Amino acid sequence: MTTELLTLVTYFVLAIFVGIEVISKVPTILHTPLMSGTNAIHGIILVGALIIAGSAHDPVGYLLGFVAVVLATTNVVGGFVVTDRMLEMFRGRRQ
Amino acid sequence: MSTLLLQALYLVAAALFILGMKQLSSPKGARRGNWTSAVGMLIALLATVVNLGLLRRFTFTGSVLALVGVAVGSIVGTVGARRVRMTAMPQMVALFNGVGGGAAALVAVYELSYILGTHPSPAESFPSVFSIVVGGISFAGSMIAFAKLQELMTGTPITYPGQQVVNGLVALAIVALAVYLIGFSNLALAFSALLVLALVLGVAFVLPIGGADMPVVISLLNAFTGLAVAASGFILDNFALIVAGTLVGASGTLLTLLMSQAMGRSIANVLFAAVGSPVAGPAGAAGAEGKSVRAGQADDIGTMLAYSRRVIIVPGYGLAVAQAQHVVRELADLLEKKGVAVDYAIHPVAGRMPGHMNVLLAEANVPYEQLKEMDEINDDFKSTDVVLVVGANDVVNPAARNSPGSPIYGMPILNVDDAHNVVFLKRSMRPGFAGIDNELLYDPKTIMLFGDAKESLTKLVAAVKAA
Chain A
38 MTTELLTLVT YFVLAIFVGI EVISKVPTIL HTPLMSGTNA IHGIILVGAL
88 IIAGSAHDPV GYLLGFVAVV LATTNVVGGF VVTDRMLEMF RGRRQ
Chain B
52 MSTLLLQALY LVAAALFILG MKQLSSPKGA RRGNWTSAVG MLIALLATVV
102 NLGLLRRFTF TGSVLALVGV AVGSIVGTVG ARRVRMTAMP QMVALFNGVG
152 GGAAALVAVY ELSYILGTHP SPAESFPSVF SIVVGGISFA GSMIAFAKLQ
202 ELMTGTPITY PGQQVVNGLV ALAIVALAVY LIGFSNLALA FSALLVLALV
252 LGVAFVLPIG GADMPVVISL LNAFTGLAVA ASGFILDNFA LIVAGTLVGA
302 SGTLLTLLMS QAMGRSIANV LFAAVGSPVA GPAGAAGAEG KSVRAGQADD
352 IGTMLAYSRR VIIVPGYGLA VAQAQHVVRE LADLLEKKGV AVDYAIHPVA
402 GRMPGHMNVL LAEANVPYEQ LKEMDEINDD FKSTDVVLVV GANDVVNPAA
452 RNSPGSPIYG MPILNVDDAH NVVFLKRSMR PGFAGIDNEL LYDPKTIMLF
502 GDAKESLTKL VAAVKAA
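Respectively, the protein sequence lines represent chains A and B. Residues 38 to 132 in the numbering used here are what the first sequence spells out, letter by letter. Residues 52 to 518 in the numbering used here are what the second sequence spells out, letter by letter.
To be clear, the hints were calculated from the coordinates, so they are not data collected in a lab. Careful, some of the hints might be misleading.
Stated by the list, open to error - Below are the DSBU-like pairs computed for lysine-lysine, each with C-alpha atoms no more than 35 angstroms apart in a straight line:
1) K423(B) x K433(B)
2) K62(A) x K342(B)
3) K433(B) x K388(B)
4) K62(A) x K510(B)
5) K496(B) x K389(B)
6) K433(B) x K496(B)
7) K516(B) x K389(B)
8) K342(B) x K73(B)
9) K433(B) x K79(B)
10) K423(B) x K62(A)
11) K62(A) x K389(B)
12) K496(B) x K388(B)
The structure displayed is predicted, hence computed values, not measured ones.
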């Protein structure tokens with residue numbers, strides 16, 4: 038195993054702990070918005086999709102890259118907008 | 052842009068994701084939290100694009116296609132998310148999750164197709180194989196979840212004998228193929244087969260799960276997509292993908308457990324017990340046959356409500372479908388003016404997603420202090436004159452307490468059967484989402500008011516006014 042790989046594994050392991058810790062006290066009413074919000078965050082795959090689409094140089098690459106970008110963008114944009122719509126509803130109960 | 056600056060911006064993005072998730076888990080900061088994450092996303096995306104541009108890594112056709120792709124995806128995402136009705140939110144989340152999983156699998160397919168020609172080490176090919184399998188399962192599973200909730204196919208579990216064995220065999224075949232691909236071969240055929248099998252398993256694994264359990268499944272698939280994205284990060288040596296993907300993978304797993312806990316069930320029971328199947332045999336269906344129900348008139352029920360001391364309203368999915376949240380508030384306000392104490396009892400999984408009822412009633416400006424959680428109000432039903440159940444069923448079904456054979460046995464329910472009178476506003480005698488008959492409907496103290504929830508409530512408002 039190389040040092041570079043071990044560094045990546047370190048990010049991975051630490052992120053597991055942070056991910057669990059950060060939502061451990063979420064109330065039931067926020068389960069769905071939280072699911073939807075984290076759903077938008079994994080749309081970060083758009084970074085990967087842009088890397089492969091932008092640097093593609095053959096038809097297979099073009100096709101895979103283009104489809105991946107469309108899907109990932111839908112995930113990001115739709116994810117954030119739909120979460121905002123859910124949370125918009127919570128506004129009304131300011132006292 | 053130097054690599055150093057790119058990494059620094061990725062770090063900022065990762066910090067914003069964590070901060071956003073933290074804010075998302077408390078009611079006060081939730082909406083802000085969503086935008087905090089969105090800003091993090093924008094930073095990561097811009098940094099990536101500028102960096103690629105400066106490195107002159109873009110091909111002309113490739114970058115045009117990427118731009119068009121972003122435009123198409125943005126339009127589809129915005130229109131889809133804006134147009135969707137509140138009742139259809141869960142399937143929309145499933146859809147957005149599925150396409151993310153699909154994108155992760157495609158990125159991995161692309162990378163794997165490049166390294167296949169060389170002789171990749173297991174450390175290089177493992178993340179690709181993992182991302183293809185998990186992303187593929189997430190994509191196919193989410194599409195089935197979407198189809199079930201959107202009622203493009205039946206929402207009840209689809210089961211056949213030996214189903215779990217078959218699914219287990221497919222899973223085994225995937226593992227064997229994956230090991231073969233990582234360890235020995237770079238056959239394109241084996242790798243296409245892997246993708247196909249992953250899609251098959253995604254479909255097969257969600258088919259036997261009933262509509263009521265779908266939010267839990269979507270949460271699990273959400274965690275899957277997160278892990279597939281993290282694996283893609285290992286392929287591309289990308290810090291942002293690894294950290295963001297893992298955050299979602301880990302928090303999604305915990306959230307899945309919390310959701311099944313809120314339903315009083317184990318995750319294994321949710322995934323493999325096919326809860327919501329039409330119950331066959333003497334134990335299930337026979338109970339309901341030959342019993343009579345009492346159908347009431349709005350006028351009588353209105354009078355009963357107006358002369359009660361305490362009324363509790365139990366909202367369910369039917370309230371959401373009928374968009375009756377404003378009328379129900381009008382009725383509650385009217386009763387309060389007549390001196391009746393009115394509360395809403397909110398079951399944690401009422402509706403089709405946790406928090407559904409809170410969101411809906413908040414929209415109608417129902418005062419927050421009138422919304423009571425299950426544990427808070429369950430002992431009050433004993434001293435309640437009338438419980439008005441509006442379009443809810445499974446969450447008040449005493450079978451969860453009394454019949455060990457019932458699929459929902461053990462789920463915490465609202466103790467509506469303790470009240471002096473129960474009024475069900477229902478469209479028909481059809482069982483609830485879980486597909487189980489409810490003996491409370493046949494109880495002598497129960498009155499049924501058949502019809503659309505909104506119309507029935509409007510009639511009740513008129514009746515209370517007249518009383």
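For this session: Please name the hints from earlier in the document that this structure breaks, with their numbers sorted from lowest to highest.
Result: Numbers 2, 4, 8, 11, in rising order.
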